[in-house]
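Trainee: Taken in order, these protein sequences are the chains called C and S.
Mapping the first sequence onto my numbering, position 3 (from 1) lands on 3, and the numbers just tick up by one.
Mapping the second sequence onto my numbering, position 16 (from 1) lands on 16, and the numbers just tick up by one.
The reader is advised that the hints may include incorrect statements.
Unchecked claim - Okay, derived cross-link-like pairs now, BS3-like style, lysine-lysine, Cα gap no bigger than 30 angstroms in a straight line:
no., chain 1, residue 1, chain 2, residue 2
1, C, Lys64, S, Lys52
2, C, Lys14, C, Lys66
3, C, Lys55, C, Lys14
4, S, Lys52, S, Lys69
5, C, Lys41, C, Lys20
6, C, Lys55, C, Lys20
7, C, Lys55, S, Lys96
8, C, Lys66, S, Lys52
9, S, Lys108, S, Lys96
10, S, Lys54, C, Lys55
11, C, Lys55, C, Lys66
12, S, Lys3, S, Lys52
13, S, Lys69, S, Lys3
14, S, Lys3, C, Lys64
15, S, Lys54, C, Lys66
16, S, Lys96, C, Lys41
17, S, Lys96, S, Lys54
18, S, Lys54, S, Lys3
19, C, Lys41, S, Lys69
20, C, Lys41, C, Lys64
21, S, Lys108, C, Lys41
22, C, Lys20, S, Lys52
23, C, Lys64, S, Lys54
24, S, Lys54, S, Lys108
25, S, Lys96, S, Lys69
26, S, Lys96, S, Lys3
Said to hold, decoys possible - Some chain S residues flagged as far from chain C (calculated, every beta-carbon gap over 10 angstroms):
no., residue
27, Glu14
28, Gly15
29, Arg45
30, Leu97
31, Gly102
32, Gln106
Rather than coming from a laboratory, the hints here were simulated on the basis of the structure.
This structure is a prediction, so every number in the text was calculated from the model and none was measured.
Quick reminder that beta carbons are idealized off the backbone N, C-alpha and C, glycines included.
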Amino acid sequence: GAVVSQHPSWVICKSGTSVKIECRSLDFQATTMFWYRQFPKQSLMLMATSNEGSKATYEQGVEKDKFLINHASLTLSTLTVTSAHPEDSSFYICSTTGSSNQPQHFGDGTRLSIL
Amino acid sequence: LAKTTQPISMDSYEGQEVNITCSHNNIATNDYITWYQQFPSQGPRFIIQGYKTKVTNEVASLFIPADRKSSTLSLPRVSLSDTAVYYCLPSENTGKLIFGQGTTLQVKP
Chain C
1 GAVVSQHPSW
11 VICKSGTSVK
21 IECRSLDFQA
31 TTMFWYRQFP
41 KQSLMLMATS
51 NEGSKATYEQ
61 GVEKDKFLIN
71 HASLTLSTLT
81 VTSAHPEDSS
91 FYICSTTGSS
101 NQPQHFGDGT
111 RLSIL
Chain S
1 LAKTTQPISM
11 DSYEGQEVNI
21 TCSHNNIATN
31 DYITWYQQFP
41 SQGPRFIIQG
51 YKTKVTNEVA
61 SLFIPADRKS
71 STLSLPRVSL
81 SDTAVYYCLP
91 SENTGKLIFG
101 QGTTLQVKP
């Protein structure tokens with residue numbers, strides 16, 4: 001069964017709207033979760049590392065004020081795309097792992113379409 | 001993080017064995033090598049992981065030479081449902097993964 005649950009699976013909204021995506025670890029406590037973005041025909045791009053109880057670490061070029069990450073519990077991390085615009089339309093994927101060097105478990109992704 | 005190089009695409013036919021080789025010349029001593037499979041509009045799915053020599057599970061085999069600068073994913077007797085993008089990734093202790101372009105495998109009937 002699924003180890004990581006991501007919600008919603010898809011969302012369509014108007015430009016200027018803020019959208020929250022949830023990532024839940026179902027089988028274990030996840031002190032660290034990762035958020036990726038994937039554009040069509042491209043590979044996954046790491047956006048940020050979400051740390052439980054502390055600030056997220058963002059990759060170079062990713063605006064932290066645009067993509068708000070909250071990891072308030074060991075089983076839930078949220079990514080909020082603030083004031084979304086059409087260029088933010090993408091496939092957002094989260095992942096986590098039970099321990100270092102163990103395979104990561106990925107959510108099924110969230111397809112975000114901004115009109 | 002070690003950079004990886006894989007063929008951009010490969011074609012095969014049903015029932016054939018497919019071998020996808022990945023180069024990771026700068027792999028760190030503590031890195032494992034993990035392969036993932038991704039179907040369109042889905043998150044990547046774990047296939048196999050290894051450190052050295054050979055690892056086999058119910059879906060694939062992974063061959064890693066002694067110098068660990070490359071690895072080969074072997075898919076026995078592929079079917080149409082194995083059409084997907086395959087990524088090889090060295091994984092560091094932080095769990096951080098940097099995806100390369102992957103290999104798009106097209107299995108034909």
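Trainee: If a hint holds in the structure, say so; if it does not, say that too.
Mentor: Status of each hint after checking the structure:
For the suggested pair Lys64 (chain C) and Lys52 (chain S), the alpha carbons sit about 38 angstroms apart, so the restraint of at most 30 angstroms is broken. Distance hint between Lys14 (chain C) and Lys66 (chain C) is fulfilled; the C-alpha atoms sit about 16 angstroms from each other, no more than 30 angstroms. Between the alpha carbons of Lys55 (chain C) and Lys14 (chain C) the distance comes to roughly 29 angstroms, so the proposed pair stays at or under 30 angstroms and holds. For the hint linking Lys52 (chain S) to Lys69 (chain S), the alpha-carbon distance of about 10 angstroms falls within 30 angstroms, and the restraint holds.
The suggested pairing of Lys41 (chain C) with Lys20 (chain C) holds, with an alpha-carbon distance near 24 angstroms, which does not exceed 30 angstroms. As the CA atoms of Lys55 (chain C) and Lys20 (chain C) are separated by approximately 17 angstroms, the hinted pair is consistent with the 30 angstroms bound. Proximity of Lys55 (chain C) to Lys96 (chain S) is assessed by CA-CA distance (about 16 angstroms); at most 30 angstroms being required, the pair is judged to hold. Annotation: proposed proximity of Lys66 (chain C) to Lys52 (chain S) is violated, straight-line Cα distance about 41 angstroms (limit 30 angstroms).
In summary, the hint linking Lys108 (chain S) to Lys96 (chain S) is not supported, as the alpha carbons are separated by about 34 angstroms, beyond the 30 angstroms threshold. Note on Lys54 (chain S) and Lys55 (chain C): the hinted pairing is violated, with a Cα-Cα distance of about 39 angstroms set against a maximum of 30 angstroms. Annotation: proposed proximity of Lys55 (chain C) to Lys66 (chain C) holds, straight-line Cα distance about 14 angstroms (limit 30 angstroms). Distance hint between Lys3 (chain S) and Lys52 (chain S) is fulfilled; the C-alpha atoms sit about 18 angstroms from each other, no more than 30 angstroms.
The hinted pair formed by Lys69 (chain S) and Lys3 (chain S) meets the criterion: a straight-line CA distance of about 11 angstroms does not exceed 30 angstroms. Taking the CA atoms of Lys3 (chain S) and Lys64 (chain C), the gap is about 26 angstroms. The hint holds against a cut of 30 angstroms. Taking the CA atoms of Lys54 (chain S) and Lys66 (chain C), the gap is about 44 angstroms. The hint is violated against a cut of 30 angstroms. Simply put, Lys96 (chain S) and Lys41 (chain C) have alpha-carbon atoms about 22 angstroms apart, close enough for the 30 angstroms limit, and the pair holds.
Restraint check for Lys96 (chain S) and Lys54 (chain S): satisfied, since their Cα atoms lie roughly 24 angstroms apart, inside the 30 angstroms limit. With a CA separation close to 22 angstroms, the supplied pair Lys54 (chain S) and Lys3 (chain S) stays within the 30 angstroms bound. As the CA atoms of Lys41 (chain C) and Lys69 (chain S) are separated by approximately 27 angstroms, the hinted pair is consistent with the 30 angstroms bound. For the hint pairing Lys41 (chain C) with Lys64 (chain C), the CA-to-CA distance comes to about 25 angstroms; that is within 30 angstroms, so the pair holds.
Among the hinted pairs, Lys108 (chain S) with Lys41 (chain C) is consistent with the structure: their alpha-carbon atoms are about 20 angstroms apart, no more than 30 angstroms. Only pairs whose Cα atoms come within 30 angstroms are accepted, and Lys20 (chain C) paired with Lys52 (chain S) is rejected, the gap being roughly 41 angstroms. For the proposed pair Lys64 (chain C) and Lys54 (chain S), the alpha carbon gap of about 42 angstroms is over 30 angstroms, so the pair is violated. Taking the CA atoms of Lys54 (chain S) and Lys108 (chain S), the gap is about 28 angstroms. The hint holds against a cut of 30 angstroms.
With a C-alpha separation of about 19 angstroms, the suggested pair Lys96 (chain S) and Lys69 (chain S) falls inside the 30 angstroms cut-off, and the hint holds. Restraint check: the Cα-Cα separation between Lys96 (chain S) and Lys3 (chain S) comes to about 13 angstroms, which is no more than 30 angstroms; the hinted pair holds. Against the 10 angstroms criterion, Glu14 (chain S) stays outside the reach of chain C, whose nearest CB is about 25 angstroms from its own CB. With a minimum CB-CB distance of about 28 angstroms to chain C, Gly15 (chain S) clears the 10 angstroms threshold, and the non-interface call stands.
Its closest Cβ contact with chain C, about 7 angstroms, brings Arg45 (chain S) to no more than 10 angstroms, contrary to its assignment away from the interface. Taking the minimum C-beta to C-beta distance to chain C, about 6 angstroms, the non-interface status of Leu97 (chain S) is violated against the 10 angstroms cut. Not every CB of chain C lies more than 10 angstroms from the CB of Gly102 (chain S), the least distance being 6 angstroms, so the non-interface label is violated. With a closest Cβ-Cβ approach of about 14 angstroms to chain C, Gln106 (chain S) is found to remain outside the 10 angstroms limit, as its non-interface label requires.
Hints 1, 8, 9, 10, 15, 22, 23, 29, 30, 31 from the earlier list are contradicted by this structure; the remaining hints agree with it.
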